[in-house]
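J.: Residue strings, one per chain:
Protein chains: 2
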Amino acid sequence: MDVVRSRAELHHALAALPRPLGLVPTMGWLHAGHRSLIARARDECGAVAVSIFVNPRQFDDPADLAKYPRGEARDLALCADAGADLVWVPSVDDVYPPGFDTSVTVDRLTLPLEGAARPGHFAGVSTVVAILFAVVRPDRAYFGEKDGQQLRVIDRMARDLGITEVVRCPTVRERDGLALSSRNVHLGADDRAAAPVIHRALLAGRAAWASGERDAAVIRGRVGDVLATEPRADVEYISCADDATLAELERIEGPAMLSLAVRFGATRLIDNIRLG
Amino acid sequence: MDVVRSRAELHHALAALPRPLGLVPTMGWLHAGHRSLIARARDECGAVAVSIFVNPRQFDDPADLAKYPRGEARDLALCADAGADLVWVPSVDDVYPPGFDTSVTVDRLTLPLEGAARPGHFAGVSTVVAILFAVVRPDRAYFGEKDGQQLRVIDRMARDLGITEVVRCPTVRERDGLALSSRNVHLGADDRAAAPVIHRALLAGRAAWASGERDAAVIRGRVGDVLATEPRADVEYISCADDATLAELERIEGPAMLSLAVRFGATRLIDNIRLG
Numbered sequence: 001m002d003v004v005r006s007r008a009e010l011h012h013a014l015a016a017l018p019r020p021l022g023l024v025p026t027m028g029w030l031h032a033g034h035r036s037l038i039a040r041a042r043d044e045c046g047a048v049a050v051s052i053f054v055n056p057r058q059f060d061d062p063a064d065l066a067k068y069p070r071g072e073a074r075d076l077a078l079c080a081d082a083g084a085d086l087v088w089v090p091s092v093d094d095v096y097p098p099g100f101d102t103s104v105t106v107d108r109l110t111l112p113l114e115g116a117a118r119p120g121h122f123a124g125v126s127t128v129v130a131i132l133f134a135v136v137r138p139d140r141a142y143f144g145e146k147d148g149q150q151l152r153v154i155d156r157m158a159r160d161l162g163i164t165e166v167v168r169c170p171t172v173r174e175r176d177g178l179a180l181s182s183r184n185v186h187l188g189a190d191d192r193a194a195a196p197v198i199h200r201a202l203l204a205g206r207a208a209w210a211s212g213e214r215d216a217a218v219i220r221g222r223v224g225d226v227l228a229t230e231p232r233a234d235v236e237y238i239s240c241a242d243d244a245t246l247a248e249l250e251r252i253e254g255p256a257m258l259s260l261a262v263r264f265g266a267t268r269l270i271d272n273i274r275l276g
Numbered sequence: 001m002d003v004v005r006s007r008a009e010l011h012h013a014l015a016a017l018p019r020p021l022g023l024v025p026t027m028g029w030l031h032a033g034h035r036s037l038i039a040r041a042r043d044e045c046g047a048v049a050v051s052i053f054v055n056p057r058q059f060d061d062p063a064d065l066a067k068y069p070r071g072e073a074r075d076l077a078l079c080a081d082a083g084a085d086l087v088w089v090p091s092v093d094d095v096y097p098p099g100f101d102t103s104v105t106v107d108r109l110t111l112p113l114e115g116a117a118r119p120g121h122f123a124g125v126s127t128v129v130a131i132l133f134a135v136v137r138p139d140r141a142y143f144g145e146k147d148g149q150q151l152r153v154i155d156r157m158a159r160d161l162g163i164t165e166v167v168r169c170p171t172v173r174e175r176d177g178l179a180l181s182s183r184n185v186h187l188g189a190d191d192r193a194a195a196p197v198i199h200r201a202l203l204a205g206r207a208a209w210a211s212g213e214r215d216a217a218v219i220r221g222r223v224g225d226v227l228a229t230e231p232r233a234d235v236e237y238i239s240c241a242d243d244a245t246l247a248e249l250e251r252i253e254g255p256a257m258l259s260l261a262v263r264f265g266a267t268r269l270i271d272n273i274r275l276g
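Chains D and G, in that order, give the protein sequences. For the first sequence, position 69 (counting from the first letter as 1) is numbered 69 according to this note's numbering, and the numbering increases by one without interruption. For the second sequence, position 43 (counting from the first letter as 1) is numbered 43 according to this note's numbering, and the numbering increases by one without interruption.
Hints are computed from structural coordinates only; laboratory data are not their basis. Heads up, the beta-carbon is just placed ideally off N, CA and C, and yes, glycines get one too. Please note: incorrect hints may appear among the correct ones.
[Claimed, not checked] To give an idea of the chain D side of the interface with chain G (calculated C-beta under 7 Å), a few residues:
1) V92
2) D101
3) S103
4) T105
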């Protein structure tokens, strides 16, 4: 497995890899969710590249950036074990050349939910992913459904620019239902024990939908009722939105994304589940 | 020479072309300036593609879009004669897929000059060129220096995203000095006769610089004095700016771009010349 840093080293290494090329873009602190993305790319592609870059431009809160977990040695070991051929670990200057002055933004899809809660977040995400796609030129890139709005924003951007097929991969969960996330490391023991309420709440919403309920307010209420049973859970939003546009729904008449953001102490967790 | 319209036809045709691939992006109504770009690409590349697309998203004024000159048959004849291998003539839907929601923008470089005069113009330009680069994936793309700020904006975007080398090509002029532009067709006989004052004014500014003048206000004044001799010329701006950042200068201490926008009746012309 090659580990490269500069764009020049990257291009040299890429030229030697068989196609199609799969890319798994990450911010490091890799876990079994990333491992599943690498394994899927391994199955579907001739070669697999992983990028590890904690992107400062997508953090609206400097404190959040400062405490984001990092550990290159363990990340590289996981990549090698999962079967990656190439890992790109760029510096900030390798990603953003001197004088950098460009933004790639998605408009309507980024207005609600995480876009409303974290100003500038998605501009940072879509810009860095556009750079990763343009520099690496993968045929396919693999993202988890856990970050549901991010997945849709990146897919929209990639379709609009005509680069890189975005492959949507199922959320990987702990046995108690908690979605894997690099942020879970910040949960204290009590919060960690409480956090699976998120998945139980989403499942309750989906159960209501599966039994025929189509009033989105009722579905959101069912999710909220379950979250309310856990006093450590500080709910930021509960959304039942059109699966394609992410416009908030009154009636559920097609595929929908049921999603939420909940804080446990200083740690903000998001999760979602699909209806339909 | 292949002429293709959909993205699928384009990709099929591109696969058969030798590399490196040069792209000449145009809005049609081709003239000797475009011919020189195609010829330069022909010299430097294994194959040459031309795109012809009047991009509605870069017109801030719908009337300007409506009257933009079009003539596909003559454009294709010029491309064939100049040695293009492939011409892509997409529809608006081929460039912007259904649900299109992405913008590629350059920030600081687009604040002054044409960016200030034409709100949204450069967002439209950088977005469509990013799409052209991402879809066509040329190794090099050729642009004329006549649209000086546009050239710098596109070069910045291409460097930041790590796609496509932008090749800067000299402005092609009529024998009387008027820079070739598709818009020149709108000039009445009297305005056409008067318009070469633009180039004379720029040359007067450069002559002052060449004789040692470094006060940018004096240089701008010299340009304005020459333009003032032509009553048909309605001056919009005269700029003497840092060649890299386009920040307006007081003292000229390095390379500079001397540029202007002038109206002759309803026709707005721009031109520029480099100092240093």
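J.: For which of the previously enumerated hints does the structure constitute a violation, in increasing order of number?
T.: 1
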